[in-house]
Amino acid sequence: MEELIAWLDDQGREKRLHPLLVVAIFIVVFLEIHPFQDGNGRLSRILTTLLLLRAGYAYVPYSSLESIIEQSKESYYISLRRTQGTIRSAEPDWNPWIEFFLRALHRQKTRLEKKMERERIILADMPELSVTLLELAREHGRITVAEAARITDASRHTIKDHLKALVDQGHLVLHGAGRGAWYGLS
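Going by this note's numbering, 86 is the number at position 96 of the sequence shown; the sequence numbering is gapless.
Some clues are possibly wrong.
What the hints assert, rightly or not - Simulated DEER-style distance windows between Cβ atoms:
#: 1; residue 1: R71; residue 2: A139; range: 55 to 65 Å
#: 2; residue 1: E4; residue 2: Q27; range: 30 to 40 Å
#: 3; residue 1: F26; residue 2: I141; range: 25 to 35 Å
The hints are simulated quantities; they were obtained by calculation from the structure and are not laboratory data.
Each residue gets a CB set at the ideal place from its N, CA and C atoms; glycine is no exception.
Input sequences plus hints: build the corresponding full structure.
Okay, here's the thing in structure tokens:
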């Protein structure tokens, strides 16, 4: 592990390899070292997210790489075994793992783009106050009628109508009743 960390630090300074290649190689070697009795796979995916964020790929936490790997478990293990079988040889074959890794990242990015497009379509069809209420619920984790009225300067009746429509459309969920009621994301 010390050698792997030192290699990662060197790559960060020297920048000889593309950051995606550095992350891919780090992860496959980490998994080959298998430093813990249990949880190496989960930890490798957390490390992947961390390393990608450090490399400037800010979109990574917004789309699950874990679910993409879960959907292609067989390819994951085959590419992992093919590369790991050569790591300690004179000429390691990084291609099987790197190809799998880059395809998984591409699927992750594509999935996020589709999700964002769906959001744009949904938000484009909404009244401005409804969009504002949704944004407030996202920012604060929840919103009440009183908070929404204070922030937006809209009447309580108008806000209630918009919140009811957002609940009916499945964007928000109503929790509680009366003055203690609040709305959260569904």
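Evaluation of the provided hints:
About 60 Å separates the C-beta atoms of R71 and A139, a value consistent with the hinted range of 55 to 65 Å. Between E4 and Q27 the CB atoms are about 34 Å apart, so this pair conforms to the stated range of 30 to 40 Å. At about 47 Å, the beta-carbon gap between F26 and I141 misses the expected band of 25 to 35 Å.
In the structure shown, a violation is registered for the earlier hint numbered 3 alone.
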